[in-house]
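J.: Chains as they are written, first to last, in my numbering: chain S, 331 to 522; chain V, 25 to 381.
Hints were generated in silico from the structure; no laboratory data involved. In this text, a Cβ means the ideal position worked out from N, Cα and C, and glycines have one as well. Be a bit skeptical, because a hint or two may be false.
To be verified - Below, in silico cross-link-like pairs of lysine to any residue (SDA-like), each with a Cα-Cα straight-line distance of 20 angstroms or less:
#1 107(V) to 355(S)
#2 283(V) to 370(V)
#3 107(V) to 350(S)
#4 361(S) to 46(V)
#5 107(V) to 351(S)
#6 502(S) to 260(V)
#7 502(S) to 107(V)
#8 107(V) to 349(S)
#9 361(S) to 51(V)
#10 107(V) to 354(S)
#11 361(S) to 47(V)
#12 361(S) to 268(V)
#13 502(S) to 50(V)
#14 260(V) to 293(V)
#15 502(S) to 264(V)
#16 264(V) to 365(S)
#17 361(S) to 70(V)
#18 361(S) to 50(V)
#19 107(V) to 352(S)
#20 107(V) to 346(S)
Said to hold, decoys possible - Computed spacing ranges between beta-carbons, pair by pair:
#21 448(S) to 128(V): 53 to 61 angstroms
#22 364(S) to 304(V): 34 to 42 angstroms
#23 193(V) to 360(S): 57 to 65 angstroms
#24 364(V) to 449(S): 47 to 55 angstroms
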Amino acid sequence: MARRNAKQISAFHKFFQRIATIPQSILDHWKCYQTGYVWFLLTCLFALLIPVLAKLAIPELKYSFWKFLSGGDIALFSMVIVTSLVIDHFVFDENFSKMINLVPSGSKYESEYMFNRVFIFVFPMFAIISCLLIYLRCQALSCQALSCFEFVTFLMEITMFLSVAAYAAYIKTSSFSPTTKTTRSSQASCQT
Amino acid sequence: MSDLIIVTLEWLVVAIMFAFLILFIVVTAPSQRKNISSLAIPLGRKGEIDFLVSRIKTGQSSAVIGLFSGEKTEILGFLTNSKLYEEDAETLIFSNVDIALRVNDTATQFWEWAIQPLQDIPEVAQAYEVCSQNQFSDVSLRRLTNVLRQSEKRLVLLLNNFQEVLHFSQLKQDEFFATLRSLASSPHPSPLVVVVAINQSLMEFHRETEKLNPSGSPYLNFLEGGITILQGLSEKEVDKLLAEVEPPLSVQAKQSVKKFAGGSPYLLQVATSEFLKESSVEEFELNFFRRVELGLQESLQQAHSLKYRQALLAIIQQNKLDEFEKELGFLEEQGVIEKVSNQWQLRAEIFRKMLQN
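Between the sequences and the hints, there should be enough to build the whole structure, so can you do that?
T.: Structure below.
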């Protein structure tokens, strides 16, 4: 009984230990995939150039900031980015499938890594569907007035935008370095 | 009421999206880095350390082959850091034995010393006692490893200067090697992991021990899947390493460090730390030599290493080089010498100073 309790306490303790490591993980993620974040930032700036150039070319053009936020443009942009990355890497990158063989079978962490591998495939699909739904919702609610603007929708958009940024940073950092084609090795490259 | 449900659902969706974002970041964050990067990894040996750690975690034995005793000692010492093994750390018990210091040991005395840390582990203390009463015989050691397996513990035996065993008549016995092999190669994952630090290839070791059991298989064949050679670095790798030194070294300092340390990460580490202390090249040269002299003497004066010493002398004198083909290959691999225009020459000039002294 005592042993069972000890195991429960241990699992409880481990859960909180993991929660406590989240800030460190965010910091590690940021440091590790900085190159990818730079790529994402440049892509965003490039995308923003279009309205800027349009405004410069046609001074009469009216561009509403609130329409930009409430019309679902951020979600649409995020969806385009994540879809292109998924097609690039799931369809055209032959090394991507090597992620399957990252941990020797029988390893203590096999189930954990299996979850990670599945999650890395599931995450972009989740992002694409979410972005699409947010965009449709924004289009349905779209209006020029500030009163129409929904804080929850905006939060959804921003969360998905950040998710896509994280995914893009991870994928691009891995593909920029020839020695970092797989998850584990890309992590190893960050360690050096 | 329905509005409240909708609002709750909307916030739930936001929470799920946010949870997915955090989970993705946690999954892709380099988790091992948290532990390893905070430790002072021996310079330029990250890959080797990672490999050895993964072997220990999976219950497999390894051999660390390199010229410099100081570097091997540092790596074995580093491997005892429990932070490297994350959740596995609780199951590992380390025993670091320098064979060079066990000159007069019999096999029984060796095992008594080597597995001493098990005495303090409550789950195996009783089995250890029985083993001790049976004079650490082969059978009792097997029973002890079975108890280790049942209690989900693993003994990591780090054997430094293992080549010295060839010069200790009481340990250079068929029984000793056979017991070590059978315990370490027990069904995977083994409850006894052996990490051997040695300054010669396993092939040479096999050659020197085959007389003990001519018809049997080599004693250290269980290490063949886990050989880690402490290779020297290429010019490009050395430049990259020196570029990362903080505070940055001057161009002249980098040249001096490269000239004296060659491509050996161990010598580069010592040279760099010396240069950061000293202001002039002359002071650096003198202090670097003083600091590594004893270690190099030790590395080259062990019985087996005398051939390396002779090979280095042959390079300085540029004669009888044909007699040391194997040794020259090993020294080149260690980043100590190099072949330029089909001619062997020293890459780490510190050896010239040491041998001339």
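J.: Between residue 107(V) and residue 354(S), is the straight-line Cα distance small enough, at 20 angstroms or below?
T.: Roughly 16 angstroms between the alpha carbons, so the hint for residue 107(V) and residue 354(S) holds.
J.: Does the Cβ-Cβ separation between residue 448(S) and residue 128(V) fall within 53 to 61 angstroms?
T.: holds, 58 angstroms
J.: Holds or violated: residue 361(S) with residue 50(V), Cα cutoff 20 angstroms?
T.: Holds. Residue 361(S) to residue 50(V) sits at ~13 angstroms (cutoff 20 angstroms).
J.: Indicate whether the distance between the beta carbons of residue 364(S) and residue 304(V) respects the range 34 to 42 angstroms.
T.: holds, 38 angstroms
J.: Within 20 angstroms, alpha carbon to alpha carbon, are residue 107(V) and residue 350(S)?
T.: Given pair residue 107(V), residue 350(S) holds - Cα atoms ~17 angstroms apart, limit 20 angstroms.
J.: Is the hinted pair residue 502(S) and residue 107(V) satisfied, with a Cα-Cα distance of at most 20 angstroms?
T.: violated, 30 angstroms
J.: Does the alpha-carbon distance linking residue 361(S) and residue 47(V) stay inside the 20 angstroms limit?
T.: Answer holds: residue 361(S) to residue 47(V) is near 17 angstroms, not above 20 angstroms.
J.: Would you mind confirming whether the straight-line C-alpha gap from residue 283(V) to residue 370(V) stays at or under 20 angstroms?
T.: holds, 9 angstroms
J.: Given the hint that residue 107(V) pairs with residue 352(S), does the C-alpha gap stay at or below 20 angstroms?
T.: At roughly 18 angstroms apart (the allowed maximum being 20 angstroms), residue 352(S) and residue 107(V) satisfy the hint.
J.: Is it true that the CA of residue 502(S) sits at most 20 angstroms from the CA of residue 264(V)?
T.: Violated, because 23 angstroms separates the two Cα atoms, which is more than 20 angstroms.
J.: Straight-line Cα separation of residue 502(S) and residue 50(V) no greater than 20 angstroms?
T.: Distance ~17 angstroms between residue 502(S) and residue 50(V) Cα, so the pair holds.
J.: If I claimed the Cβ atoms of residue 364(V) and residue 449(S) lie 47 to 55 angstroms apart, would that claim hold in this structure?
T.: Hint holds: Cβ distance 52 angstroms, inside 47 to 55 angstroms.
Consistency with the previously given hints fails for numbers 6, 7, 15, ordered from lowest to highest.
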